Each structure stands twice: as structure tokens, then as C-alpha cells.
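Based on the sequences and whatever the hints tell you, model everything.
Protein chains in written order, with our numbering: chain A, 1 to 196; chain B, 1 to 196; chain C, 1 to 196; chain D, 1 to 196.
Hint data in this document are derived by calculation from the structure and do not stem from the laboratory. Among the clues, some could well be false.
Pairs involving identical chains hold if they fit within one copy or between any two copies, as the list cannot separate such chains.
What the hints assert, rightly or not - Taking lysine to aspartate or glutamate pairs in the DMTMM-like style, the calculated list, with each CA pair at most 25 Å apart, reads:
#1 Lys81 with Glu13
#2 Lys143 with Glu35
#3 Lys81 with Asp146
#4 Lys142 with Asp42
#5 Lys81 with Glu110
#6 Lys142 with Glu13
#7 Lys81 with Asp42
#8 Lys81 with Glu152
As the structure is a prediction and not an experimental result, all values here were calculated from the model.
Number of protein chains: 4
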Amino acid sequence: MAKDVWETTDRIETLVDGIFAIAMTLLVLNLTVPELTNPIGDLTIYAVLMGLIPKFFTYALSFILLAIFWKVNHSQFYYIKRINTPLLWITIIWLLFVALVPFSTSLTGEYGNLQSAQIFFDLNLLAIGLLSALLWYYATEKKFTDEITSEEIHKIRIINLMLPAAALFAIGLTFISPSWSSLAYASIIVGERLFK
Amino acid sequence: MAKDVWETTDRIETLVDGIFAIAMTLLVLNLTVPELTNPIGDLTIYAVLMGLIPKFFTYALSFILLAIFWKVNHSQFYYIKRINTPLLWITIIWLLFVALVPFSTSLTGEYGNLQSAQIFFDLNLLAIGLLSALLWYYATEKKFTDEITSEEIHKIRIINLMLPAAALFAIGLTFISPSWSSLAYASIIVGERLFK
Amino acid sequence: MAKDVWETTDRIETLVDGIFAIAMTLLVLNLTVPELTNPIGDLTIYAVLMGLIPKFFTYALSFILLAIFWKVNHSQFYYIKRINTPLLWITIIWLLFVALVPFSTSLTGEYGNLQSAQIFFDLNLLAIGLLSALLWYYATEKKFTDEITSEEIHKIRIINLMLPAAALFAIGLTFISPSWSSLAYASIIVGERLFK
Amino acid sequence: MAKDVWETTDRIETLVDGIFAIAMTLLVLNLTVPELTNPIGDLTIYAVLMGLIPKFFTYALSFILLAIFWKVNHSQFYYIKRINTPLLWITIIWLLFVALVPFSTSLTGEYGNLQSAQIFFDLNLLAIGLLSALLWYYATEKKFTDEITSEEIHKIRIINLMLPAAALFAIGLTFISPSWSSLAYASIIVGERLFK
Numbered sequence: 001m002a003k004d005v006w007e008t009t010d011r012i013e014t015l016v017d018g019i020f021a022i023a024m025t026l027l028v029l030n031l032t033v034p035e036l037t038n039p040i041g042d043l044t045i046y047a048v049l050m051g052l053i054p055k056f057f058t059y060a061l062s063f064i065l066l067a068i069f070w071k072v073n074h075s076q077f078y079y080i081k082r083i084n085t086p087l088l089w090i091t092i093i094w095l096l097f098v099a100l101v102p103f104s105t106s107l108t109g110e111y112g113n114l115q116s117a118q119i120f121f122d123l124n125l126l127a128i129g130l131l132s133a134l135l136w137y138y139a140t141e142k143k144f145t146d147e148i149t150s151e152e153i154h155k156i157r158i159i160n161l162m163l164p165a166a167a168l169f170a171i172g173l174t175f176i177s178p179s180w181s182s183l184a185y186a187s188i189i190v191g192e193r194l195f196k
Numbered sequence: 001m002a003k004d005v006w007e008t009t010d011r012i013e014t015l016v017d018g019i020f021a022i023a024m025t026l027l028v029l030n031l032t033v034p035e036l037t038n039p040i041g042d043l044t045i046y047a048v049l050m051g052l053i054p055k056f057f058t059y060a061l062s063f064i065l066l067a068i069f070w071k072v073n074h075s076q077f078y079y080i081k082r083i084n085t086p087l088l089w090i091t092i093i094w095l096l097f098v099a100l101v102p103f104s105t106s107l108t109g110e111y112g113n114l115q116s117a118q119i120f121f122d123l124n125l126l127a128i129g130l131l132s133a134l135l136w137y138y139a140t141e142k143k144f145t146d147e148i149t150s151e152e153i154h155k156i157r158i159i160n161l162m163l164p165a166a167a168l169f170a171i172g173l174t175f176i177s178p179s180w181s182s183l184a185y186a187s188i189i190v191g192e193r194l195f196k
Numbered sequence: 001m002a003k004d005v006w007e008t009t010d011r012i013e014t015l016v017d018g019i020f021a022i023a024m025t026l027l028v029l030n031l032t033v034p035e036l037t038n039p040i041g042d043l044t045i046y047a048v049l050m051g052l053i054p055k056f057f058t059y060a061l062s063f064i065l066l067a068i069f070w071k072v073n074h075s076q077f078y079y080i081k082r083i084n085t086p087l088l089w090i091t092i093i094w095l096l097f098v099a100l101v102p103f104s105t106s107l108t109g110e111y112g113n114l115q116s117a118q119i120f121f122d123l124n125l126l127a128i129g130l131l132s133a134l135l136w137y138y139a140t141e142k143k144f145t146d147e148i149t150s151e152e153i154h155k156i157r158i159i160n161l162m163l164p165a166a167a168l169f170a171i172g173l174t175f176i177s178p179s180w181s182s183l184a185y186a187s188i189i190v191g192e193r194l195f196k
Numbered sequence: 001m002a003k004d005v006w007e008t009t010d011r012i013e014t015l016v017d018g019i020f021a022i023a024m025t026l027l028v029l030n031l032t033v034p035e036l037t038n039p040i041g042d043l044t045i046y047a048v049l050m051g052l053i054p055k056f057f058t059y060a061l062s063f064i065l066l067a068i069f070w071k072v073n074h075s076q077f078y079y080i081k082r083i084n085t086p087l088l089w090i091t092i093i094w095l096l097f098v099a100l101v102p103f104s105t106s107l108t109g110e111y112g113n114l115q116s117a118q119i120f121f122d123l124n125l126l127a128i129g130l131l132s133a134l135l136w137y138y139a140t141e142k143k144f145t146d147e148i149t150s151e152e153i154h155k156i157r158i159i160n161l162m163l164p165a166a167a168l169f170a171i172g173l174t175f176i177s178p179s180w181s182s183l184a185y186a187s188i189i190v191g192e193r194l195f196k
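What follows is the structure, given as C-alpha cells:
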């Protein structure tokens with residue numbers, strides 16, 4: 001790259017927003033009406049929709065988790081004013097795991113009662129969380145942030161640790177009940193309130 | 001989040017625009033040419049296209065309804081200059097239902113003659129409409145809007161109530177004729193003219 | 001809408017760019033590797049890729065035609081500085097036909113040797129072209145453009161007429177040869193050079 | 001087009017970012033859980049995920065290669081301040097090959113052990129690389145760049161040659177081992193470090 005440090009983060013933010021918008025919207029493709037055989041009546045449709053409830057749940061969960069990651073990134077780039085090649089690469093590898101979420105969600109939507117499917121989903125989120133934490137750690141160490149107090153840096157660091165912690169907690173819960181392990185992510189919402 | 005109120009709504013608007021653009025474009029994926037068996041001639045294609053007319057109608061209806069919701073949001077964020085965590089969450093839950101529209105549309109496109117399919121579609125739009133109204137109510141109560149008269153706030157509130165009203169009207173019409181119930185949404189266009 | 005005329009076209013341009021980017025990229029979904037039965041060797045793959053040539057051609061054609069429409073819109077909104085509700089609606093109906101292009105393309109990609117499929121594609125482009133011309137006509141009549149000479153207005157009007165003319169020319173050619181009728185669109189590139 | 005040279009590249013950058021974001025996210029659609037027959041247990045899921053490893057690899061490779069192309073374009077448009085019709089067309093044809101990457105990736109993901117599939121993928125990347133080089137060559141020859149030293153122009157030219165070189169290297173390697181030929185792209189990362 002011809003320059004070591006770019007003085008603008010506009011376009012990386014556009015790419016981030018684009019990939020999040022698409023990944024969040026692609027989640028809906030996991031919701032499909034199965035091929036129905038005749039005769040089809042209202043009772044059939046209600047039965048189909050009832051059968052889709054686990055998939056609606058995983059759709060909503062993944063949508064909200066992606067929104068949380070987007071929101072954390074949003075607040076990180078509110079402060080980050082410069083970017084260099086390593087930081088760009090951290091962001092790209094992070095996006096690689098973000099764009100993988102529709103696949104992980106299709107797995108838990110279909111086989112959410114199996115530990116293997118849940119652990120794959122949790123590992124995907126763990127990777128996103130750890131890379132998000134690394135992104136912030138690197139950017140603050142390199143002083144790419146302007147007008148930020150050390151207290152604010154610290155707060156975002158703690159929020160960044162909560163996401164991997166929730167993923168690890170979810171992995172632990174899969175040994176008790178794969179189907180309910182995702183409730184671990186509710187702890188993020190509680191945790192975020194404590195540290196705000 | 002490190003700050004309680006952000007002084008900018010740029011990136012949330014980018015996410016909103018992105019999700020709308022994708023949801024509106026994904027609607028087209030419900031239009032598919034069925035696998036045809038030989039011999040295939042022009043008459044076959046015309047028959048296929050004729051058979052797709054209900055799906056073209058639901059495509060156009062959902063595209064236009066999403067455009068209306070986008071337009072309402074557009075005019076809301078024309079005035080909203082600040083955003084806090086609760087407002088961000090209202091927006092995200094609202095987007096969750098926006099991104100669900102391609103699925104609801106696939107349901108009415110396939111089974112539009114059934115009340116169950118239509119009611120699911122209408123409930124989806126009802127949720128979008130109510131959350132859009134809540135978003136505006138919250139933002140104006142919190143004084144996140146600048147340079148706006150109370151008359152303008154009131155006007156957008158009435159427009160926001162028209163969308164849920166149309167969805168409820170559509171639900172009522174499904175008891176008479178599921179296939180024609182969507183005409184209820186035409187009342188929005190009439191209603192919007194009255195209050196402009 | 002609370003205001004009759006907005007003094008900014010930023011967000012409509014974002015929606016337009018988003019829908020074009022998605023529609024252009026979704027075109028690739030029409031290119032799929034068919035399910036192959038064993039044994040699969042290089043000769044099978046080459047045969048598959050050869051068989052896909054008509055689909056590659058329609059992919060490239062639609063991609064380039066969408067790029068032309070985007071470019072024309074680009075130059076229109078370079079001058080358009082204000083937008084009102086009717087102009088917004090013209091843009092939305094125009095986008096509805098833009099987002100339909102991946103479907104029309106799947107039809108010509110699969111059944112490009114049939115007149116019916118080609119005419120559907122051509123009618124789709126005709127609608128896009130006419131709405132684009134209407135958009136420009138309306139915006140210039142309403143004086144929503146700044147710093148533009150009447151000569152420039154006229155030039156864009158002529159470019160706008162070339163697109164529907166090419167679509168009509170293509171429809172005419174389908175009566176001679178459906179498979180080759182798309183060559184009519186090459187006349188746009190020639191025509192554009194004449195009037196530049 | 002009414003003007004020969006536009007003094008802004010904002011909207012072309014938005015289109016570029018949009019198409020990259022979508023193409024990068026669509027890659028995930030190549031990862032699908034096959035239809036499983038009962039009984040399904042954790043061992044089945046682990047076996048499925050193991051079987052998907054080649055597809056995960058091609059997903060990651062294509063994601064990262066697209067990110068590299070995006071990054072190179074990012075640094076090119078950091079300097080390019082004006083655009084004319086030929087430059088717009090180079091960009092559009094370049095995007096046409098960028099949007100083709102999800103298809104090429106599906107081919108290598110499915111038939112990565114075959115030379116034919118790998119060569120198609122490599123030719124796709126070769127086209128992207130050559131058009132990217134042409135874009136930069138044209139823009140610098142036309143002096144569309146501001147505030148750039150001839151040294152910086154030269155550096156980006158060399159980076160632009162590395163991408164086609166890696167694609168040619170990969171094509172060469174397919175004659176030895178199709179499955180491992182993609183490792184040629186690792187040379188870009190090494191090469192980029194040398195010339196930074």
C-alpha cells in the first residue's frame with residue numbers, strides 16, 4: 001500500500017455497514033416455506049409456521065447479535081480516525097466471520113437440538129468477539145483514536161470482553177442443553193447495562 | 001456504550017438504507033421460473049408468466065410498502081439529529097421485521113388465497129408500522145429532533161398511525177376474502193394525500 | 001410527507017446505489033453449476049462451462065445495461081438538487097423495474113431462444129427506460145436542477161430516449177431471431193457516442 | 001453523457017463498495033448443509049462440517065482476495081479525484097468480473113480437485129487484476145490524480161502487476177496440482193510486504 005496510515009475511515013465503514021446489512025438480511029433466506037402437498041388449507045399453513053418457530057428464534061437471535069456487533073463497531077469507529085494495513089486486515093478477517101453468520105444460523109436453525117451445531121455457531125461468535133476486541137486493542141495502542149478518555153477506552157474493552165465471555169458461556173451450556181444454550185447471549189444485554 | 005447520546009445518525013441511516021435496498025431486491029427471488037419439461041415453446045412461457053401474475057402483484061405490493069416505510073423513516077431521520085441506545089434498539093427491532101418481509105411475501109405469493117398466509121403478512125406489516133410509530137414518538141419525546149414545529153411532529157404521527165391502521169383493516173378483510181385483502185393498503189395512498 | 005420538497009437527494013441516491021449494486025450482483029445467482037453425476041472429469045466441467053455460455057452472455061448484457069441505467073441516473077442526480085413526493089414515487093417505481101431485472105435475465109438466460117422470454121426482458125428494460133425519461137422530464141420541468149444549461153437538459157433527454165428506442169428495436173428483432181435480438185442494445189453504445 | 005469529466009467519484013465508490021460487500025457476503029451461500037437423512041446425531045454434523053472444509057477454505061480465500069482487490073481500489077480512489085466515461089467503463093467491466101467471483105468460487109468449492117475449475121477461477125482473478133491495473137494506468141495517464149508523487153504511482157502499478165502475476169502463477173501450478181494451486185495467491189501477501 002502506498003501509504004502506511006490513512007487519515008480517513010469512511011470507506012471501510014461503508015464496507016462494514018454493507019456487509020452487516022447484507023448478512024443481517026440474508027438470515028431471512030433460512031426461513032423457507034417447505035414444498036407442500038395438496039390439499040393445502042389454513043391448518044397446513046399454521047402447522048408450517050408453528051414448525052418454523054425455532055427458525056424464527058434463531059433468525060431473531062442472529063439478527064440481534066449481529067446488530068450488537070455492528071453497534072460495538074459503530075462506537076469503536078466513532079473514535080477511530082486513522083487506519084493502517086494491519087488494522088484493515090483485522091477488520092477484514094472480522095468481517096469474514098461476520099459474513100459466515102448466515103451459514104452458522106442455518107445450522108442452528110435446522111439442528112439446534114444438537115450440541116455440534118450450537119458449538120459451531122458459538123465458535124463463530126467467539127471469533128467475531130475476539131477479533132472485535134483485538135481491533136479495539138490495536139487501534140487504541142496505536143493511538144488511532146482522537147478525543148477519547150482512558151475511561152472510555154476501558155469501557156469499550158470491557159464490552160468487547162463480554163461478547164466472547166457470552167460465547168464461552170454458551171459453549172458451556174451446550175453440555176447441559178444444546179437447545180437452550182443460546183440463552184447465554186441474554187447475559188450480554190444484562191452485562192452491557194451494568195457497565196454503561 | 002461509552003456515550004449515552006450520539007450526535008450523528010449517519011451510520012444508522014446507512015444500515016437502514018442498506019437493509020431496505022437488500023430486502024426490496026431480495027423480493028425478486030420469490031419470482032422463479034419453474035422447472036419446465038420438454039417440449040418448451042412460447043405458449044409454455046406465456047402460461048408460466050400468466051401463472052406468475054399473483055407473485056408479480058405481491059412483489060410490487062411489498063416493494064411499494066417497503067418504499068413507503070423507507071420514505072417515512074427518511075422523513076423521520078430528516079429531523080432526528082441524535083440517537084441513544086433505546087432509540088437504536090427500537091430501530092434494530094424495526095429492521096428485524098423489515099428484513100422479514102421477503103419471507104412474508106413468499107408466503108402470500110405462494111398461498112395468497114389462504115387467510116393464514118395473509119394474516120402473517122399483515123402482522124409483519126403491523127409490527128413494522130407500530131415500531132415506526134414508537135421510533136418517532138420516542139425521538140420526539142426525547143427532543144432528538146431539531147428545527148421542527150409541533151405541527152410537523154403531529155403530521156408524521158398521523159402518517160405513522162395510518163400504516164398500522166391499514167394492516168388492521170387488511171386483517172379484517174381476510175375474513176371476507178384473503179386474496180383481495182391486500183387492497184386495504186391502497187388506503188394508505190389515499191390517506192397520505194388527505195394529511196399532507 | 002411533512003415537507004413538499006426536500007433540499008437533499010443523498011438518501012435516495014444511497015437507496016438507488018444499493019438497489020443497483022444488489023441487482024447487479026444477484027445476476028450471478030443465475031449462473032449455477034448443475035448437479036453432475038459421476039464420474040466427473042475436466043471434460044465434464046469444460047462441457048458445463050461451454051453450456052453456460054448463453055448465460056454468461058445474458059449475465060454480461062444485463063450487468064452492462066444496469067450499469068448504463070445507473071450511469072444515466074448518476075448524471076441526472078448530478079444536477080437534481082431537490083426532490084418532492086411525485087419525483088420520489090417515479091424513482092421508486094423505476095427501482096421496482098430495476099430490481100426485476102435479475103428475474104428477466106434468468107428467463108432469457110434459460111429460454112433465450114424463445115420470443116416470449118426475450119419480449120418480457122425487453123419490456124422490462126422499456127419500462128426502466130421510460131421511467132428514467134419521465135424522471136428527468138419531471139425534474140427539469142419542476143426546475144429541481146441547478147446550474148444546468150438547456151443544452152445539457154436536452155442532451156440527457158435524447159440519451160433517455162435512446163434506451164426505450166433500443167428496447168423497442170429489440171422487440172422488433174425478436175420477430176426475426178429471438179436469440180440475436182439483444183444485439184439491438186449495442187445501438188445504445190453507438191448512439192451515446194453520437195450525442196456526447 | 002452531458003459532461004466529459006466529473007469532478008467527483010463519490011457515487012462510483014458507493015457502487016464499488018456495494019458490489020464488493022454483496023459479492024463478499026454472497027460467497028457464504030456456497031456453504032450449505034446438505035439434506036440429511038435420519039437418524040441425525042452430532043457425529044453426522046461433525047462429518048458434514050469436516051466435508052465442508054474445502055468449501056470453508058475457498059470461502060476464506062475468495063473473501064480475502066476480494067478484500068485485497070477492494071483495498072487496492074480503495075488506495076487508487078484515495079488519489080483519483082475525477083472520472084470520465086472511459087474510466088467509468090473500465091470500472092464497470094472490472095466490477096462485472098468482481099461480481100462473477102461467487103460463481104467461480106462455487107466451482108472451485110465443488111470441483112477444486114479439477115484443473116478446469118481452478119483455471120476458470122484463476123482466469124476470473126486474472127481479469128480482475130488486469131482491469132484494476134488498466135484502471136490505474138488510465139487514471140494516472142489522464143492526470144485524474146491529485147497530490148501524488150510519481151513514486152507512489154509507481155508503487156501502486158507494481159502492486160497491480162502482482163495480482164495478475166499471482167493468477168498466472170496459480171494457472172501454472174494447476175498443471176502440477178489443481179487442489180494446491182491456490183497457494184500461489186499467498187505470494188501476493190509476501191510480495192506486498194516487499195514493495196510497501
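Against the structure, the hints:
1. Lys81 with Glu13: This pair counts as both: shortest intra-copy Cα distance 11 Å, inter-copy 20 Å.
2. Lys143 with Glu35: Cα proximity of Lys143 and Glu35: none, with 56 Å in one copy and 50 Å across.
3. Lys81 with Asp146: both (7 Å within a copy, 22 Å between copies)
4. Lys142 with Asp42: Answer is neither; intra-copy 60 Å and inter-copy 44 Å both fail.
5. Lys81 with Glu110: Answer is neither: 41 Å inside a copy and 42 Å across each miss the 25 Å cutoff.
6. Lys142 with Glu13: within (19 Å within a copy, 28 Å between copies)
7. Lys81 with Asp42: neither (55 Å within a copy, 46 Å between copies)
8. Lys81 with Glu152: both (15 Å within a copy, 23 Å between copies)
Hint violations for this structure: numbers 2, 4, 5 and 7, all remaining hints satisfied.
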